[in-house]
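Under my numbering, the residues of the first sequence are numbered 67 to 320, in order.
What the hints contain is simulated information worked out from the structure, not anything from laboratory work.
Please note that a few of the clues may not be correct.
Stated by the list, open to error - Listed next, the in silico PhoX-like pairs over lysine-lysine satisfying Cα-Cα at most 25 Å (straight line): (1) Lys224 x Lys196; (2) Lys224 x Lys201; (3) Lys263 x Lys201; (4) Lys201 x Lys248; (5) Lys224 x Lys190; (6) Lys224 x Lys167; (7) Lys248 x Lys224; (8) Lys196 x Lys167; (9) Lys201 x Lys190; (10) Lys190 x Lys263; (11) Lys92 x Lys81; (12) Lys201 x Lys167; (13) Lys190 x Lys167; (14) Lys80 x Lys92.
Claimed, not checked - Distance ranges between label pairs, derived from CB positions: (15) Lys248 x Arg200: 43 to 53 Å; (16) Thr103 x Lys248: 23 to 33 Å; (17) Leu265 x Lys167: 46 to 56 Å; (18) Val164 x Lys81: 22 to 32 Å; (19) Val164 x Arg102: 49 to 59 Å.
Values in this document were obtained by computation on a predicted structure and should not be read as measured data.
Glycine included, C-beta positions come from ideal geometry on N, C-alpha and C.
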Amino acid sequence: VGMMNVLILAYSGKKRYEDATRAYRKMRALGMEPTRTTYNTLIAMFARDSRTREAEGVLRQMQASGLYPDVYTYTSLLTAYGRAGRAEEAQAVFRDMVMCKIMPSPHSYTSLVDAYGRAGDAEKAERVFKEMTRKYPFHLPGYAALLGAYCREGVMDKAEDLLRRLVRLATVPAPGESAPMKLSPAVFNVVMGGYRKILDLDRVLFTFERMLAAGVDADQASFHVLIGAYAACGDYDGAVFAFREMVEVAGIVP
RNA sequence: GAGCCACUACAUUCUG
Numbered sequence: 067v068g069m070m071n072v073l074i075l076a077y078s079g080k081k082r083y084e085d086a087t088r089a090y091r092k093m094r095a096l097g098m099e100p101t102r103t104t105y106n107t108l109i110a111m112f113a114r115d116s117r118t119r120e121a122e123g124v125l126r127q128m129q130a131s132g133l134y135p136d137v138y139t140y141t142s143l144l145t146a147y148g149r150a151g152r153a154e155e156a157q158a159v160f161r162d163m164v165m166c167k168i169m170p171s172p173h174s175y176t177s178l179v180d181a182y183g184r185a186g187d188a189e190k191a192e193r194v195f196k197e198m199t200r201k202y203p204f205h206l207p208g209y210a211a212l213l214g215a216y217c218r219e220g221v222m223d224k225a226e227d228l229l230r231r232l233v234r235l236a237t238v239p240a241p242g243e244s245a246p247m248k249l250s251p252a253v254f255n256v257v258m259g260g261y262r263k264i265l266d267l268d269r270v271l272f273t274f275e276r277m278l279a280a281g282v283d284a285d286q287a288s289f290h291v292l293i294g295a296y297a298a299c300g301d302y303d304g305a306v307f308a309f310r311e312m313v314e315v316a317g318i319v320p
């Protein structure tokens, strides 16, 4: 069973839905009992692609086999509805989770923040974010999700404020910690992406520099945004330059 | 019994 789970996980990572579900069916045909991990893996696979219908189907099979959803299951369902732009249903899942005494993890909060962000409701995204930071003050994906919400709405001043707070947070160790929090390139990438969308190349570059100044290394996504920003603004020399920088730093071409 | 870590779940670009 463990080996089948690994196989299904491998398929799900490559988005081979047919193969993954076939492996799952074969499992049952061979008389093996799928575990919670089996179901969770399948649900997550569909969730990432906003295939809520299929995710729900797997959930029902999971329940039919007597297994209860856990925090992984619920978080994937949050992701499924969130990515599908169905924030209210994500909220319903969240309530359900709490009612069933499953403690939402930082992942869960992030998915719900993201759900509201995608639905264009930055207000509610903010509310969930605040709730998250009460329990998990330093969960970077949660910050990135809210930054993304602001960027999608084009309220870059709010994104700036939040990013500034984050950079400030990272200059000083948290209470009880010896080292300051290490920021991820992703939080900068999100903001760069927001500026790219409104074709503000200066701010994209400024944010990029700020990331380096904060001691954070640009990753592949950073360069993709950067190159895309140059291109979108018609600066092809800049794009080529950024591309060369990327290769020189160790990036690879997708 | 407790604490770290790892596992199936979270955010940013592109690809599919």
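Cross-check of the supplied hints:
1. Lys224 x Lys196: holds, 14 Å
2. Lys224 x Lys201: holds, 22 Å
3. Lys263 x Lys201: violated, 32 Å
4. Lys201 x Lys248: Within the cut-off at roughly 19 Å; holds.
5. Lys224 x Lys190: Distance of about 14 Å is within 25 Å: holds.
6. Lys224 x Lys167: violated, 34 Å
7. Lys248 x Lys224: holds, 22 Å
8. Lys196 x Lys167: holds, 21 Å
9. Lys201 x Lys190: holds, 18 Å
10. Lys190 x Lys263: Roughly 23 Å separates the two Cα atoms, so the pair holds.
11. Lys92 x Lys81: holds, 18 Å
12. Lys201 x Lys167: With a Cα-Cα distance of about 16 Å, the restraint between lysine 201 and lysine 167 holds, given a limit of 25 Å.
13. Lys190 x Lys167: holds, 23 Å
14. Lys80 x Lys92: Given pair lysine 80, lysine 92 holds - Cα atoms ~19 Å apart, limit 25 Å.
15. Lys248 x Arg200: 43 to 53 Å: Cβ of lysine 248 to Cβ of arginine 200: about 22 Å, so the range 43 to 53 Å is violated.
16. Thr103 x Lys248: 23 to 33 Å: Once the Cβ atoms are compared, 30 Å apart, the range 23 to 33 Å for lysine 248 and threonine 103 holds.
17. Leu265 x Lys167: 46 to 56 Å: holds, 48 Å
18. Val164 x Lys81: 22 to 32 Å: For valine 164 and lysine 81 the Cβ distance comes to about 31 Å; the hint holds.
19. Val164 x Arg102: 49 to 59 Å: At 19 Å between Cβs, range violated.
Of the numbered hints listed earlier, those contradicted by the structure are 3, 6, 15 and 19.
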